[in-house]
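A.B. asks: Below, each chain spelled out in residue letters.
There are 2 protein chains.
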Amino acid sequence: MPPLLNPRLSLSLKPLFLFSQSSFAPRKFQIPRQFVSVKSRTFSSLASEQSSDNGGTGVGGGRSGALSPSLVTEDFQRIDVNPPKGTRDFPPEDMRLRNWLFHHFREVSRLFGFEEVDYPVLESEALFIRKAGEEIRDQLYCFEDRGNRRVALRPELTPSLARLVIQKGKSLSLPLKWFAIGQCWRYERMTRGRRREHYQWNMDILGVPEVTDISGSILIAEAELMASIVAFFKRIGITESDVGFKVSSRKVLQEVLRCYSVPENLFGKVCIIIDKIEKIPIDEIKRELNATGLSEEAIEELLQVLSIKSLTKLEEILGGAGEAIADLKQLFSLAEKFGYSEWIQFDASVVRGLAYYTGIVFEGFDRDRKLRAICGGGRYDRLLSTFGGDDVPACGFGFGDAVIIELLKEKGLLPELSLEVDNIVCALDHDLQGVAATVATKLRGEGQSVDLVLENKPLKWVFKRAARINAQRLILVGNTEWQKGMVVVKVLSSGEQYEIKLDELE
Amino acid sequence: MPPLLNPRLSLSLKPLFLFSQSSFAPRKFQIPRQFVSVKSRTFSSLASEQSSDNGGTGVGGGRSGALSPSLVTEDFQRIDVNPPKGTRDFPPEDMRLRNWLFHHFREVSRLFGFEEVDYPVLESEALFIRKAGEEIRDQLYCFEDRGNRRVALRPELTPSLARLVIQKGKSLSLPLKWFAIGQCWRYERMTRGRRREHYQWNMDILGVPEVTDISGSILIAEAELMASIVAFFKRIGITESDVGFKVSSRKVLQEVLRCYSVPENLFGKVCIIIDKIEKIPIDEIKRELNATGLSEEAIEELLQVLSIKSLTKLEEILGGAGEAIADLKQLFSLAEKFGYSEWIQFDASVVRGLAYYTGIVFEGFDRDRKLRAICGGGRYDRLLSTFGGDDVPACGFGFGDAVIIELLKEKGLLPELSLEVDNIVCALDHDLQGVAATVATKLRGEGQSVDLVLENKPLKWVFKRAARINAQRLILVGNTEWQKGMVVVKVLSSGEQYEIKLDELE
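Chains as they are written, first to last, in UniProt numbering: chain A, 1 to 506; chain B, 1 to 506.
Honestly, the hints are just simulated from the structure, not real lab data. Note that beta-carbon positions come from the ideal geometry of N, C-alpha and C, so glycine has one too. Any given hint might turn out to be false.
[What the hints assert, rightly or not] What the simulated footprint calls covered on chain A by chain B, stretch by stretch (three residues with Cβ under 8 Å from a Cβ of chain B suffice, anywhere in the stretch; the number is not a length):
| hint | region |
| --- | --- |
| 1 | 113–120 |
| 2 | 140–150 |
| 3 | 162–176 |
| 4 | 224–238 |
| 5 | 334–346 |
| 6 | 387–401 |
[Claimed, not checked] Some residues of chain B that are not near chain A, with every Cβ distance over 12 Å (derived):
| hint | residue |
| --- | --- |
| 7 | Asp242 |
| 8 | Ile405 |
| 9 | Glu410 |
| 10 | Leu414 |
| 11 | Thr480 |
| 12 | Ile500 |
[What the hints assert, rightly or not] Listed next, the in silico SDA-like pairs over lysine to any residue satisfying Cα-Cα at most 20 Å (straight line):
| hint | chain 1 | residue 1 | chain 2 | residue 2 |
| --- | --- | --- | --- | --- |
| 13 | A | Lys85 | B | Gly147 |
| 14 | A | Lys490 | A | Arg473 |
| 15 | A | Lys168 | B | Pro91 |
| 16 | A | Lys337 | B | Gly485 |
| 17 | B | Lys286 | B | Glu297 |
| 18 | B | Lys168 | A | Arg98 |
| 19 | A | Lys442 | A | Gly485 |
| 20 | B | Lys337 | A | Leu502 |
| 21 | B | Lys234 | A | Gly447 |
| 22 | B | Lys337 | A | Glu446 |
| 23 | B | Lys276 | B | Tyr187 |
| 24 | B | Lys464 | B | Leu417 |
| 25 | B | Lys168 | A | Arg88 |
| 26 | B | Lys490 | B | Leu505 |
| 27 | A | Lys234 | B | Lys442 |
| 28 | A | Lys484 | B | Lys337 |
| 29 | A | Lys276 | A | Leu266 |
| 30 | B | Lys168 | A | Glu93 |
| 31 | A | Lys442 | B | Arg110 |
| 32 | B | Lys442 | A | Arg235 |
| 33 | B | Lys309 | B | Phe332 |
| 34 | B | Lys85 | A | Asn148 |
| 35 | A | Lys501 | A | Met486 |
| 36 | B | Lys170 | A | Trp461 |
| 37 | B | Lys170 | A | Arg468 |
| 38 | A | Lys85 | B | Arg146 |
| 39 | B | Lys442 | A | Ala231 |
| 40 | B | Lys168 | A | Arg96 |
Starting from the given sequences, assemble the full structure and let the hints guide the process.
C.D. replies: Following this line, the structure appears as C-alpha cells:
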C-alpha cells in the first residue's frame, strides 16, 4: 500500500482550493443561524432565505454555481411531482393511518390463530387469466419483461395463494389458516374516484370442507371468517348499525340454472354478469344474459330469485332439500353462536364478481349505501384444480384499505394519530454536540426514542420542534451543568425542570 | 318483494335433487374422521385418502365428477407453481423472518425519531433515468401502461422521496427524518444467485447541511445515520468483528479530477465506473475510464488515490485544506462520540454506484468478505434540482433484506421463530361446536389468540395440532362439564388440567 504518486498531484491540488468556492466546490447551504419569527420553519421559507443569501437570484439557489455536474448539466428535467395516476404516496400522516389499519388487520388475524404470508406483487400473467369475462381480466397491469415473459402486477391475492399451496404440497399441514396484507393493482378507468392500487387484507382457510356431517352441526370455516371481520369492525368502532353482511350461496344460482338446463360451462359467466346488477342498467344485464344463450323466461325467473331477501321465501321456491338452503341455514345458526347474527342478512343477489366461487358468498356493505362493497369473500373449492393441482376445500375473503377509510371518515371515526417522540436532545454549545450524541445513544439504548437536534439552533426553534413532534421531554446539554456531569431535563407537559447526572438519566 | 314466480321453477327443481349428487352438485370432500397414524396430516396424505374414497381413480379426486364448470372446462391449465424467476413467496416461516427483520428496522427508526413513509412501487420511468451509465438503468422493470405512460417498478426509493419532498414543498418542516421499507425491483441476470426484487430499509435526513460551521463542530447527519445502522446491527447480534463501514467522500475524487482538468460533466460517469472496481478486472476499468476521455496518467493517479486506506495518507496527498479531509475528519471524530469508531474505516475506493451522491459515501461490509455490500448511503445535496425542484441538503442510506439474512446465516444468528398461539379450542361433541365458538369469541375479546378446531377431529389429532402451533392451553368443551357450565383447561407445558366456569375463563 505505498502509492508512489506523481508529485504533480499533491502540488497542483493545493493552490486550487484558493478559488474552490467559486468554481468547483459544492455550494454551501446558507442556513441562517438566527431564529426568524415565522410560524414554522418550512422548506419554502428556507428556500427563499437561501435565494436572498445568494444575492436574490430568485431561483432558490439550487442550481446557481452548483457542482455535481453530471446531475445538473446532463439530467435536468422537470418531472411530474405527483405519483402515477391512480397511485398514492404515503407521507407520514397517511402512513400512520395505514400502519394503524394494518395493525388491526394483523391483530385480528393473530387472535384467530392465522399465520401471515405474502407473494410477489409481480406474477405470471397466466395466473390471472380466466375465461369468464371477469372485470379483473381487462384491468390487468400486464407486460412483457426483459426475458419475454408475460407478467402482471397482481390484481388479487387468491391465485398466488393457490399457486403456493400447490407448490408446497406435501409439506403443508391442513387446515391452513393464512392471512396476507398485500398491494393489488387494477387498471381501472379513473371514474368515480377509484384508484388503481389498493392494499387488501386476505384471510383464508384451506382444508376445511363445507357442511360435511349428517348431524349438520359442523362449524363452518365461513362462519369463522365472518367472525374475524366482525371482530375487526368492533375494534375500530364500527357497529352493526353502520355495516352488515349480505350472504348467499352460488348454489342458489346453480339450482335455478339447472332447472332451465343451462349448460354448466356458462355458470361462471352468468355469475360475472349478475354481479354487475347494481352497477349497470337492468336491460343491459338482460341483454348480456341473453347473449350467453339464456332464454327470456329463464332470465326473468333468475332475476326474480335474485330479488329474494328471505331464507324462508327462498326455501319456498327451491324446496328444503337443496344444499344451498342447508348451507345458509347452518351459517345463520352459527352466526348466532358467534354472536354476530345482527350483522348478517340473506340476499340472493350477492354472487361476487370472481369466477372461482363455488358455495357461500358474502359481502360487507355500509347501511347508508353510500359506498362500494367494503369486503367480500366466499368458498372456492375448485380453484386449485384449475391450475392443475389437487383441489383442497377453501374459503377466504378480501378486505381493501380504501372503502373502510371512507366509511371511518363518514362516521367520524378516523383516529387522530400524531408523531410521538419520547425525547428531544439538544446541545446548547457547539462543542457539546458530541455529548448530546452520547446522551441520545444512552437513552436509545434504554428503548427511548430520541430526536437529536443535528444543527445549532436557537432554543425557541427547539421548543417549536419539540411541540411539533410531541416530545415528552427536552434534554438540554449546557456547559454549566455538564461541568458537573449533569444535563437539564424539562418535562414538556408539566414544565417541570431538573438537573440530573448523565448516568442516572433513563 | 313478492316475486310471483313461474310455478314451473319450484316444481321442477325439487325432483332434480334426487340425482344432484351425481350430476350437478359439488363433490363432497370425503375427509375421514378417524385419525390415521401418519406422522403429520399433510395435504398430500389428504389427497391420496380422497382419491381412494373416490374409488381409487388415483387423480386426487379434484376433477372427478366436479361441478364449477366454467373453471374446469374452460380454464384448466397446468401453471408454473413457482413465483416468477428472481422473486419470492413468503410462506409462514419466511414471513416470520421478514416480520422480525422489519420489526427491528422499524424499532431502530423509531428510536432515532424517524417517521415512516412510502411511495408507489410503480413510478414514472423518468424518475429513474439518469445519464451517468448506472447499472440501475439497464435493469429497470419498465413498460408502457394501458394509458401509454412509461412506468417502472422502482429500483430504489430515493428518487420517490425526492419527488414527494418537491411536491410537498412548503408544508414540510425541516429537518425531515423519514424512513421507508419498500420492495424494489431490478431485472438482473440471474447469475451469482441474485434475486430480482428485494426489500430495502431507507433512512433519510433532509434539511441538515454537511459541515457548515467555522468551529467545525456541527453534528452531521451522516454520523446519526451510521449510528442508527450500528444500533440495528447490535440489536440483531452483529458486532464490529462481523461487519464494518468503509467511508469516503465523493469530494476526494472531485479534487483529483479537477487536478487533471477533467470536465465536470464526467464526474458522475467516472464514479459509476469506479464503483465497479471490485467487480470487474482492472484493465476493463481502465479501458472504460479511458473511453470517457481521461488520460492514462490521470487514470493511474486516480487508481493510486483510490487505493488509500488511511486518512493521514490522504491528507498528505490532497493537503489539509480541502473539504474532503475536513468532512471525513469530522465524521470520524463524531463516530467516537457516538461510540462506534471501531466500526468505521476510511477507504478511498468507496464511491457507490449511484450518480447523485455529492459528499460522504459509505458502505457496510462483512469482514470475512464473503458477501456483497450490506448497506450503503451518502449525501446527495443536488438530487432535487435534477427533478426541477429547489435543492435541500440531504443524506440517507439503503439497507437490503437479502445480504443481512445471508450474514446472519453465516454467523449462526438467524432467530428461531415459530408460530405461537395462546389457545386451541375444541368441542368434543358435534352439538357443542357453537359453545366452542362462544369460548373462542370470549378469549379473543380478552386479547388471547385462539385456534378454533373447525371440524370434528379425534383428540389425538387435536394434540398434534396443538403441538404444531405451540399452543399454551388446550380448552376442551365436553358434554359432562358443559352441563355444569364448565370447560376443561389443559396447560400444555405442565400437563396441569382443571375445570373452570366459562365466565371465569380468561
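A.B. asks: Taken at face value, is the distance from the CA of Lys442 of chain B to the CA of Lys234 of chain A at most 20 Å?
C.D. replies: holds (14 Å)
A.B. asks: Given that the region 224–238 of chain A was listed as covered by chain B, double-check it with a C-beta distance under 8 Å for 3 or more residues.
C.D. replies: As far as the region 224–238 of chain A goes, the hint holds, because 3 residues have Cβ atoms under 8 Å from chain B.
A.B. asks: Does the claim that Asp242 of chain B lies outside the interface with chain A hold up, using a Cβ gap greater than 12 Å?
C.D. replies: holds (19 Å)
A.B. asks: With d taken as the least Cβ-Cβ distance between Ile500 of chain B and chain A, does d exceed 12 Å?
C.D. replies: holds (20 Å)
A.B. asks: For the pair supplied as a hint, Lys168 of chain A and Pro91 of chain B, is the alpha-carbon distance within the 20 Å limit?
C.D. replies: holds (9 Å)
A.B. asks: Holds or violated: Lys168 of chain B and Arg88 of chain A, Cα atoms, limit 20 Å.
C.D. replies: holds (13 Å)
A.B. asks: Hey, Lys168 of chain B versus Arg96 of chain A, does the alpha-carbon distance stay inside 20 Å?
C.D. replies: holds (17 Å)
A.B. asks: Over 12 Å to the closest beta carbon of chain A is the bar; see if Glu410 of chain B clears it.
C.D. replies: holds (25 Å)
A.B. asks: Under the criterion that the straight-line Cα-Cα distance not exceed 20 Å, is the pair Lys85 of chain A, Arg146 of chain B satisfied?
C.D. replies: holds (12 Å)
A.B. asks: Taking 20 Å as the top limit, are the C-alpha atoms of Lys464 of chain B and Leu417 of chain B close enough?
C.D. replies: Distance of about 19 Å is within 20 Å: holds.
A.B. asks: For the region 140–150 of chain A, do at least 3 residues have a Cβ located nearer than 8 Å to some Cβ of chain B?
C.D. replies: This one holds; 7 residues, not fewer than the three required, reach chain B with a Cβ under 8 Å.
A.B. asks: Is Lys170 of chain B close enough to Trp461 of chain A, meaning Cα to Cα at most 20 Å?
C.D. replies: Judged against 20 Å, a Cα distance of about 17 Å means the pair holds.
Comparing the model with each earlier hint shows no violations; every hint is respected.
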